[in-house]
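S.K.: These are the residues of each chain, in order.
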Amino acid sequence: MMLPALILLAALSLVPFITLIVMSFSEVKLMGGIRFDNVGAENWRRLLTDADVRASWEISLVYFALTLGIEMALGIAIALVVHRVTWGRNLLLALVIVPMFMAPIVVGLLGRFLTDSTLGLYAWVLRCAGFEGDLLAGKTSALLTVVGLDVWEWTPLIALVTFAGVSAVPAPLLEAAAVDGAGYFQTLRYIVFPSIRRVLLVALLVRAMDAIRFFDIITITTNGGPADATKIIPVRLYETAFRFRQLGYASCIGLVMLAFSILMANAFVRVLGDKGLTR
Amino acid sequence: MSAVPLRRRLDRLSASLLAAALAIVVLVWTLAPIAWMVVSSVKPTAAIKTASPTWFFEPTLEHYQDLIGAGNDVRPFAKNSLVAAGLSTALAVTLGALGGYGLAHWHHRSKRHLAFWIISTRMAPIAAVILPLFILFRQLGLIDSLLGLTLAYLSFNLPFAIWLMSAFFADVPPSLEEAARVDGCTRWQAFWHVVLPTTTPGLVTTAVLCLVFSWNDYAFASSFSGPGSQTLPMAAGRLITQGGVDWGQLTALGTLIVLPMVFAGLAVRRWLVTGLTLGAVTGE
Chain A
0 MMLPALILLA ALSLVPFITL IVMSFSEVKL MGGIRFDNVG AENWRRLLTD
50 ADVRASWEIS LVYFALTLGI EMALGIAIAL VVHRVTWGRN LLLALVIVPM
100 FMAPIVVGLL GRFLTDSTLG LYAWVLRCAG FEGDLLAGKT SALLTVVGLD
150 VWEWTPLIAL VTFAGVSAVP APLLEAAAVD GAGYFQTLRY IVFPSIRRVL
200 LVALLVRAMD AIRFFDIITI TTNGGPADAT KIIPVRLYET AFRFRQLGYA
250 SCIGLVMLAF SILMANAFVR VLGDKGLTR
Chain F
0 MSAVPLRRRL DRLSASLLAA ALAIVVLVWT LAPIAWMVVS SVKPTAAIKT
50 ASPTWFFEPT LEHYQDLIGA GNDVRPFAKN SLVAAGLSTA LAVTLGALGG
100 YGLAHWHHRS KRHLAFWIIS TRMAPIAAVI LPLFILFRQL GLIDSLLGLT
150 LAYLSFNLPF AIWLMSAFFA DVPPSLEEAA RVDGCTRWQA FWHVVLPTTT
200 PGLVTTAVLC LVFSWNDYAF ASSFSGPGSQ TLPMAAGRLI TQGGVDWGQL
250 TALGTLIVLP MVFAGLAVRR WLVTGLTLGA VTGE
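Taken in order, these protein sequences are the chains called A and F. Read in numbering that gives the first Met the number 0, the first sequence has 229 at position 230, and its numbers run on one by one without any break. Read in numbering that gives the first Met the number 0, the second sequence has 178 at position 179, and its numbers run on one by one without any break.
Calculated from the structure, these hints are not laboratory results. Be aware that a few hints might be false.
Footprint (simulated), chain F over chain A, 3 or more residues, beta carbon under 8 Å [what the hints assert, rightly or not]:
{"hint": "1", "stretch": "22-29"}
{"hint": "2", "stretch": "46-58"}
Which chain A residues face chain F? A few, computed with CB under 7 Å, are given here [as the list claims (entries may be wrong)]:
{"hint": "3", "residue": "Ile190"}
{"hint": "4", "residue": "Leu200"}
{"hint": "5", "residue": "Leu203"}
{"hint": "6", "residue": "Ser250"}
{"hint": "7", "residue": "Val268"}
Covered, in the sense of this in silico footprint (three residues per stretch, anywhere, with C-beta under 8 Å from a C-beta of chain A), are these stretches of chain F [said to hold, decoys possible]:
{"hint": "8", "stretch": "50-58"}
{"hint": "9", "stretch": "132-143"}
Even for Gly, the Cβ is constructed at its ideal location relative to N, Cα and C.
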């Protein structure tokens, strides 16, 4: 019964994967029929010394660290707040998770709308607080803005998963802590966090894998600018392939990205351990 | 309750008040942009273009009418979005249910490798997947076709559906199927009449998430579609690149893209945690 699914999956994953590897050793010509000219390891040699790609990886690391760090911290905090609320908790949680169903492209457009220096709602709030100017025009403020949009869309996912973990902490454990006179933060530190460690790790891994997948928000807001300040690695790849038409070289960048996400997938399968699928 | 000292009760009261206050802050943060988008979509253009926000205005549907107006009709885009996202969802769920069922009942040393392959395919960076698909689709004449877009969406929806359905099937007690087999069902009958109905929530959740992922796609669509196969997110992306943005139309279109997926997503809220963590965490 697995067969049809696995055959299609192979066609959709192995064939492109092999194509990508071949492309990384070629100069890909699109004009007058597709042609691969073998250039040996030239693309790979270029990758090793390409300062632009290196800079993009560095921005990506900053971007990932900021988005994942803020999303984890904020997501856990929101989950704990929602957990403490007694009245209307289900409705509250439902409303909190709305942003994560939104198309990233709409999130990006909404970000531009809200920060537009002539008519944006958030630009107006900032102006009242004494900050003038276009958020997407400055290098640091542009990076922080795209981080903020990603955080806005995906923190709810962390909050939702963490909330499930917190709700599953056995009540007797919490009661025992209360009887022993543990305060709120002591209970968190010694009871709640140790029991949701695995859940938090899963949430982080799922987010980390998606963080390198999506780049729509940046494409539509800054498209990597100003002055490459937000040019994370998928944006760089896309530009190399479709603006500069260097598909072979872009494939090298793509394979390195793929290696990154495969490491993450490996960690995910490990965390699952003997549960469920890998049983 | 009278046994609880007054101080403890006061502490508890102030803690719940603090939680409520923080909850309101969180709600404002998550919902304000969406609310502002929806409100702006029914504002007259003059009321949108004010430097400080306009709170009172005569609501209008003109921006929604513009979206189906001559020269800028988004209905073909909506149809393309529905076909590509719907078709890839239907195929992913059908094949994913079969594949996931097989996977859940398959016990072999190499299962870990198979699981690893499936999850790696699901998590492959979109930008890296676009490159070979672009070449392959050009060769096969699948550029600017809804079939090509459907296949591109299957590249992430199919591994997702196999994996997730397998997690749902793993929770069905084996005794259920054994009983059916004892009663004379074939393996297929046991699957179709006994096991599958118990995983209806799993099927629906998988379908909804596949639909959301593909409906929301922009990167694949903007790389592979042409004039005949553009999707709604592409229509939104195009509105902003034309000089001078029509924010009324854009917020209206954004609302139309977002609302169906929000309702679909919230409809399967109970199983979302399972779905979004690919079965690694079970909710409630």
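S.K.: Are there three or more residues in the stretch 50-58 of chain F whose C-beta lies within less than 8 Å of some C-beta in chain A?
M.R.: holds (count 3)
S.K.: Quick check: do three or more residues in the stretch 132-143 of chain F have a beta carbon closer than 8 Å to a beta carbon of chain A?
M.R.: Holds, because 6 residues of the stretch 132-143 of chain F bring their Cβ atoms closer than 8 Å to Cβ atoms of chain A.
S.K.: Please verify the coverage claim for the stretch 22-29 of chain A: does it have three or more residues whose C-beta sits within 8 Å of some C-beta in chain F?
M.R.: holds (count 3)
S.K.: Against chain F, with CB atoms and a cut of 7 Å, does the hint on A:Ile190 hold up?
M.R.: Since chain F brings no Cβ nearer than about 17 Å to A:Ile190, farther than 7 Å, the hint is violated.
S.K.: Just to be careful: measuring from the Cβ of A:Leu200 to every Cβ in chain F, is the smallest value less than 7 Å?
M.R.: violated, 9 Å
S.K.: Against chain F, is A:Val268 within 7 Å by beta-carbon distance?
M.R.: Since chain F brings a Cβ to about 5 Å from A:Val268, closer than 7 Å, the hint holds.
S.K.: For the hint on A:Ser250, just tell me whether its beta-carbon gets within less than 7 Å of chain F.
M.R.: holds, 6 Å
S.K.: Is the interface hint satisfied for A:Leu203? The criterion is a beta-carbon contact with chain F at less than 7 Å.
M.R.: Violated, because the Cβ-Cβ distance from A:Leu203 to chain F comes to roughly 11 Å (cut-off 7 Å).
S.K.: For the stretch 46-58 of chain A, do at least 3 residues have a Cβ located nearer than 8 Å to some Cβ of chain F?
M.R.: violated (count 0)
Checked against the numbered hints given earlier, this structure breaks hints 2, 3, 4 and 5; the rest are met.
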